[in-house]
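Peer 1: These are the residues of each chain, in order.
Protein chains: 2
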Amino acid sequence: MTVPNVIPNGSLAASQLRVTPASPLFLREDEIRRGIELLYFGYTAMIRGADAILDAQGLGRAHHRALYFIARRSGLSVGELIGLLGITKQSLGRVLSELQARGLVEQMVGTADRRQRLLRLTTTGAAMEARLFAELERSMARGYAEAGQQAVSGFWAVLMGLVPPDDRARVEALQD
Amino acid sequence: MTVPNVIPNGSLAASQLRVTPASPLFLREDEIRRGIELLYFGYTAMIRGADAILDAQGLGRAHHRALYFIARRSGLSVGELIGLLGITKQSLGRVLSELQARGLVEQMVGTADRRQRLLRLTTTGAAMEARLFAELERSMARGYAEAGQQAVSGFWAVLMGLVPPDDRARVEALQD
DNA sequence: CCAGATATGTCAACATGACTGTCCCAAATG
DNA sequence: CATTTGGGACAGTCATGTTGACATATCTGG
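The listed protein sequences correspond, in order, to chains W and S. The opening position of the first sequence corresponds to residue 20 in my numbering, with each subsequent residue numbered one higher. The opening position of the second sequence corresponds to residue 20 in my numbering, with each subsequent residue numbered one higher.
Some hints here could point you the wrong way.
Not the full set, but computed from the structure, chain W residues with beta-carbon under 10 Å of chain S [as the list claims (entries may be wrong)]:
1. G129
2. A160
3. A166
4. F174
5. L178
Derived coverage of chain W by chain S (criterion: at least 3 residues anywhere in the stretch with Cβ under 8 Å from a Cβ of chain S; other residues may be distant) [what the hints assert, rightly or not]:
6. 51 to 58
7. 74 to 83
8. 106 to 114
Hints listed in this document are in silico derivations from the structure and should not be mistaken for laboratory results. Bear in mind that the values here come from a model prediction, so they are computed numbers and not experimental data. For each residue, glycine too, the CB sits at the ideal point set by N, CA and C.
Go ahead and model the full structure; you've got the sequences and the hints to work with.
Peer 2: As structure tokens, this is what we get:
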């Protein structure tokens, strides 16, 4: 690698380096790469268990994400789900119709706005989502446990810091 | 949601709940879901900037991952790269031959084992990887900065906790 | 030194999940 | 009533993963 080990960055908080707190900070490339790699491998590892279940059912990650958010915000509209997933109407359309065909998801006409289709899980769908969630939970709980509760707030803080400020409200909104 | 708010977990460290440290711990579902969601949205957000560059070049994330790890471990073998990416030889083959055709990656016959093809970036490839890395870095540095250095070790700790113990050595090995 | 294991490459077929573009309908909104 | 909005449907494309089968060069153990 020819990229220098030390990278200038205008306005960062204190790092492990011995830098006076008020000075411009230099983050070492290794620290950045470590974050990138842990994010990649950690995310992959967390998903792995659920992937196996999905595979056995002939479903994919796209189905899981839809089930997850419908479970999380029962009664959300198709448009809201599209916004959370960040995909197009056409892409979601296929996933959603498969989930409906399997009897995992059902629609209701919106009450306030009758154009909307409000989504919720069927009993079967809720059971499936619970199985998938249990896998994610097992992994995440282990991560929390191994790191300790003190680490968890740092974990949250950095991840939220990755999300562009304009998008944060949407993420926070999931926390009821 | 019909899943209970409180989930039993055998052997976890202290949480925010008022639980005596030695007792079995109960992690609240919200804390788990928050981790899952932040991991999803944070990862997506970090990648976004690089995705735009890749798109403009007609490359995809698969190419980026290959470039990233070749940059990180210059001279690694095809088999090692397959192991890091967790994909099949055939999947990597396509990506790798595209990168070679574009003059971003080159191969050398292994010295110790002449069956191996050792991979490294060309000058052009290193420049491309540096551009992509700069985007990831921008995002990650902002996350670190907003959270503060103290949070970063918690961030690392939880993510490493997500990785199954057997796989951790491989992740650590990237840190030279 | 030879038989078998290993590292890599390649061809072919297929599945998933994204995309764009277009057209349509029903309901809300002004 | 005209326009906008929420949603559905159809068609085609692309990126990236998969299996399976086979080839070739090289290493390694008996």
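Peer 1: If a hint holds in the structure, say so; if it does not, say that too.
Peer 2: Okay, the hints, checked on the actual structure:
no.: 1; hint: G129; in the structure: 20 Å, violated
no.: 2; hint: A160; in the structure: 5 Å, holds
no.: 3; hint: A166; in the structure: 4 Å, holds
no.: 4; hint: F174; in the structure: 4 Å, holds
no.: 5; hint: L178; in the structure: 4 Å, holds
no.: 6; hint: 51 to 58; in the structure: holds (count 8)
no.: 7; hint: 74 to 83; in the structure: violated (count 0)
no.: 8; hint: 106 to 114; in the structure: violated (count 0)
Hint compliance for this structure: hints 1, 7 and 8 are not met, and every other hint is.
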